[in-house]
Amino acid sequence: MTCFRQQVEVNVPIRFVWEFVSNINHWAPLVPGYIDHNIINKKESTWCFKSDIGIMKKKIELKVDITSWQEPSKVTFNLTGLNEKFSGHGFFTVEAINQQKSLMTGHLEMKAEGIMAKMANAIIQSSLPETTAELTEAVAAKIQDNYLIHTTK
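Counting from 0, one number per residue, gives the positions in the sequence shown under numbering that gives the first Met the number 0.
Think of the hints as simulated: they come from the structure by calculation, not from any bench.
Simulated pairs of lysine to aspartate or glutamate, EDC-like, Cα-Cα distance not exceeding 20 Å: (1) K73 x E43; (2) K41 x E70; (3) K62 x E112.
Label pairs and their computed distance ranges (CB to CB): (4) K117 x K141: 33 to 39 Å; (5) Q124 x I39: 25 to 31 Å; (6) P28 x C2: 22 to 28 Å; (7) K100 x I39: 30 to 36 Å.
Every residue, glycine too, gets a C-beta built ideally from N, C-alpha and C.
Make the full structure from the sequences, and use the hints.
Structure (structure tokens):
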């Protein structure tokens with residue numbers, strides 16, 4: 000299984016980071032190539048996004064199952080491909096550096112299955128670091144933007 004982890008410092012208190020990541024509607028649209036998502040219930044959602052597969056773009060549909068909400072520091076989830084044979088899991092964690100700064104970590108692990116697994120896993124291995132970094136950095140940037148708006152009101 001291919002995995003990658005990205006850490007980002009955010010100039011935001013830990014509680015404000017938690018307020019953001021504890022709501023899937025806040026961070027699902029930040030997935031690279033985002034098309035749409037649907038909330039089934041508090042722990043289940045489906046996401047649709049475009050991904051680069053070599054020189055092609057492919058529409059990916061997946062189910063996201065939240066396995067744990069650990070306020071204020073961690074959300075973990077499983078990923079299941081709906082239109083492709085792959086699975087994985089991931090998490091966001093946050094730890095306070097001080098009263099106004101936090102360290103956020105995004106982690107994704109993915110693997111393909113089935114007849115095309117060898118080729119698909121090679122693509123996942125090359126694209127997962129960039130996808131994880133883009134998602135984690137986009138979430139961090141959005142949290143900081145929202146915090147600035149919140150504190151200047």
